[in-house]
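Now for the letters of each chain:
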Amino acid sequence: MAEGENISGMLSPYRALDLTDEKGLLCGKILGDLGVDVIKIEKPGGDYARNIGPYYHDEVDPEKSLYWFSYNTNKRGITLDIEKPEGQEIFREMVKKVDIVIESFPPGYMKKLGLDYAELEKVNPGVIYASITPFGQTGPYKDFKYSDITLYAMGGYMSSVGYDDRPPVRISHHFQTYLHGGGQAAQGVVMALYHREITGEGQHIDVSIHDSTTRITPERVTAFWDFNKRVQHRGGGKAILGRIWECKDGYVYAMYWGGTAGPRWNTPLVKWMESEGVATDFIREYDWETLNLIQTPPEILEKIAEPTRELFLRYTKEELLEGALEHNAQVYPLNSTAEIAANPQLAARDYWVKLEHPELGVSITYPGPWAKTTEAPPRVTHRAPLIGEHNEEIYTKEMGYSKEKLSELKRDRII
Amino acid sequence: MPKKLLEGVKVCDFSRVIVGPLTTKPLSDYGATVVRIEGRTNLAIFRIQAPEPDLSIQFTQWNTGKLGVTLNLHDPRGKDIALKIAAWADIVVENFAGGVIDRLGLGYEEIKKVNPDVIMLSSCMQGQTGPFSQHPGWGFQLSALSGFSHLTGWDDRPPPEIGVYTDFITPQYNVCLLIGALLYRKRTGKGMYIDTAQFETGLHFISPLILDYFVNNRVAERMGNRSYTAAPHNAFRCKDEARYCVINISDDEEWEKFCGVLENPEWTKKQKFSTQESREANKEELRKLVEQWTTPFTVENVMNKLSGVELTGERLLDFNDRQKADNAYRCKDEDRWCAIAVTTDEEWKNFCKVIGNPEWTTDPRFGTLANRKANEDELDRLVEEWTTQHLAFDVMNLMQEGGVPAGVVETGEDQLEHDLQTMHRGFFQELDHPRLGKHHAMASPFQLSKVPCEIERAPLLGEHNEYVLKEILGLSDEEVVDLVVNGALE
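From first to last, the protein sequence lines are chains A and R.
Basically the working numbering = 1-based index in the first sequence + 2.
Basically the working numbering = 1-based index in the second sequence + 826.
Since the hints were derived computationally from the structure, they do not count as laboratory data.
Careful, some of the hints might be misleading.
[Stated by the list, open to error] Derived DSSO-like pairs: lysine-lysine, alpha-carbon spacing no greater than 30 Å straight-line:
(1) R:Lys1065 <-> R:Lys1150
(2) R:Lys910 <-> R:Lys836
(3) R:Lys1012 <-> A:Lys98
(4) A:Lys99 <-> R:Lys829
(5) A:Lys144 <-> R:Lys1179
(6) R:Lys1179 <-> R:Lys1114
(7) R:Lys1276 <-> A:Lys99
(8) A:Lys147 <-> R:Lys829
(9) R:Lys830 <-> A:Lys144
(10) A:Lys147 <-> R:Lys1150
(11) R:Lys1012 <-> R:Lys905
(12) R:Lys939 <-> A:Lys114
(13) R:Lys1083 <-> R:Lys1114
(14) A:Lys114 <-> R:Lys1083
(15) A:Lys45 <-> A:Lys356
(16) A:Lys144 <-> A:Lys86
Whole structure, please, built from the sequences with the hints as guidance.
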């Protein structure tokens, strides 16, 4: 559809106040991309999450955090000290006119300030209030100290990843657990919005990052214990028929299937080897249904591995990606961020968006909308707010505070 | 009892494996009627990999509370029923490879003809358009494509296999889109088609590293468990824990098989082990010999070797179970780990106190974060000298009491038996499956204060054929019988 023809998002009628730190920023970003008017409230001077690197041109500066940039697009930003009574008053005033409040303070903190759900519900009975915490609002671990890696460890998936002569290892770096928490919170919020449309009532949402991270484990950790009383140990890299193969300039992923799935999924790769003249008689004639990665003897696995290695070592990741498409084989490069940036599929789908950063005098390329829709598409249109960027717009234009009052609030370090 | 949140929302679910099913799981768990369409002649991988389709463990995890229908979509009458279900639905979800649903004649354009304001979601690997749209793949490979594999592991080694990961990212966006679309339709009366890609949603989980490339031209590399802003920051080895496998050999036939697993060492041929009685009479000696074989292997290795010849090995769960303990053989100890992260000066002081302020902690090489980072290999070694003296849960609890972030690297056992917090929140709920018996499946990581998340077990293959066709679609007995006879209803 033509640009401008439909500027309304799926959630355009709603407004949210986002008080979260690095643990919850993704929630507001998802809502903002769907059209919610998200107002990021920071403490005067700016949020801690602005001190998370990497930084624009490696300049350590709260206005140049790429972490901050990533998860605050489409939000407007104001400063407000909710620890001061006057700040609390202003906050309550704002809550009257919003649908959603998102926070990630320690359990009990907002209650101490008189800003917990029970209090805000009195101000705005329909308010939806999401709390994102490491372990949830109640329970024996609720006050546990945490860090992304400790939450990741407790989430369980880590126990199954890594080499057996090294420690279990987390997936990626940069706060995966907090993103899972934020993503779960966003789902809670849209569900609560739906509930409110039907019943008129708001509610509290209690999100546990620990549960959000644990959610990825049944696939290879929890279910194996539950049904077989087995612990899945890490052991990557030792299997002869591993899934990560060396190629000319890095690694590619390709797996062999056994059982009835074997012939269907393995044949395209064998055909590719044939076309390259590396397929052996053995691999051409091998009965894939009999392949069992645990029981098949190592010498057979080696006979499968040998021509596979030969094929992959001939080419670069980029060449293998093209070849995979041509041969319909499930071979995928282990992309670096540079290769992701150059990926032809993402380019063909116009995935990337450029956002203006006037104060830096540049526009920066961002991961774009995460869905294509025929109506009300998600959009990524505005860079993250500067500290207090929308103070005037929101406090004076929208809330009607006078210029004098605004100066007073600034003087008293409320905003 | 409060009404379920999505009561009355109708979902036609063609989805397979994880992404699709995990998209519709929160919908069914919160009360939507989700009709999961499968086919006996076109089973998805989890059903195929199981000994029998209804014994798929994975299927039970992602399909709680859904209704199971089996249709042959390649049969025009089967397709016709699928279209009827799609016409009934508010939401249609599919995650075949791009283009497959269109070739089945069940694409958005077809469904829209029978259901003009339908909300339809296609969620494949790389999206419905572009040169790779129809390229088949699995979540495994998407971990590679979207950067997670490259970023995981150590810089001196190839990345370890990480399994599927984007499968757990995409559904979060999908659920927001589907409920968002329902709200939009309520306001405007308009349905929509939604196209999501695991590739594209996944990249949002490494946005800062992508921006680092675009603005600083820096390509992010593997850094193990390390952090730029904390040290110690790793998973540290704790005290190993003893593991035992219970092995029962009840007759000569089983003894023969067992000797085969042991690769028939000389001693197994001795007279004194040749009958059940003689083995019983010499059980202490036998025990030592068997244990010599089991101790180099993990209990899981031993269980695998035994199940390979249809013998059973069982992990000893309760050390007080004397009867079992009699036949329990010590296996390799299990290595246990606890993650510790020390970011601030205060946490460092707390950490030193918890480990008893050994002399090395006053060494200037470890006095500041910068120095700890510069000497991190040595630091990790010293930390492990302490952690290996303690059980993993003790390390976590001692650190927590002393004000240091720490968390056990939980195994499946820990998650279901030892994690007091997930238990407190009831995250894993117990269900009863007619074929697999009592088991657990996860509830919601977000809890809503006014509506419950009640999960029910996953359906058997075709379990709700009759209910869906008669009660939902209003077909007569004869029509249903016809569909069975001609194979459209599998």
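These are the hints, each one checked on the structure:
This hinted pair checks out: lysine 1065 (chain R) and lysine 1150 (chain R) have alpha carbons roughly 25 Å apart, not beyond 30 Å. With a CA separation close to 13 Å, the supplied pair lysine 910 (chain R) and lysine 836 (chain R) stays within the 30 Å bound. For a cut-off of 30 Å, the pair hint linking lysine 1012 (chain R) to lysine 98 (chain A) stands: about 24 Å separates their Cα positions. The straight-line distance between the Cα atoms of lysine 99 (chain A) and lysine 829 (chain R) is roughly 27 Å, inside the 30 Å bound, and the hint therefore holds.
Our distance criterion of 30 Å between C-alpha atoms is met by lysine 144 (chain A) and lysine 1179 (chain R), whose separation comes to about 23 Å. Proximity of lysine 1179 (chain R) to lysine 1114 (chain R) is assessed by CA-CA distance (about 44 Å); at most 30 Å being required, the pair is judged violated. A hinted pair counts as satisfied when its Cα atoms are at most 30 Å apart, and lysine 1276 (chain R) with lysine 99 (chain A) qualifies at roughly 22 Å. Under the criterion of a C-alpha separation no larger than 30 Å, the hint pairing lysine 147 (chain A) with lysine 829 (chain R) is inconsistent with the structure, at around 37 Å.
Proposed proximity of lysine 830 (chain R) and lysine 144 (chain A) is supported: the alpha carbons are some 28 Å apart, at most 30 Å. For the proposed pair lysine 147 (chain A) and lysine 1150 (chain R), the alpha carbon gap of about 40 Å is over 30 Å, so the pair is violated. Our distance criterion of 30 Å between C-alpha atoms is met by lysine 1012 (chain R) and lysine 905 (chain R), whose separation comes to about 29 Å. Pair hint lysine 939 (chain R) plus lysine 114 (chain A) does not hold up; C-alpha atoms about 56 Å apart against a cutoff of 30 Å.
Pair hint lysine 1083 (chain R) plus lysine 1114 (chain R) holds up; C-alpha atoms about 19 Å apart against a cutoff of 30 Å. Between lysine 114 (chain A) and lysine 1083 (chain R) the CA atoms are separated by roughly 67 Å; this puts the pair beyond 30 Å, and the hint is violated. Distance check on the hinted pair: lysine 45 (chain A) and lysine 356 (chain A) sit about 29 Å apart at the alpha-carbon level, within 30 Å; holds. Between lysine 144 (chain A) and lysine 86 (chain A) the CA atoms are separated by roughly 26 Å; this keeps the pair inside 30 Å, and the hint holds.
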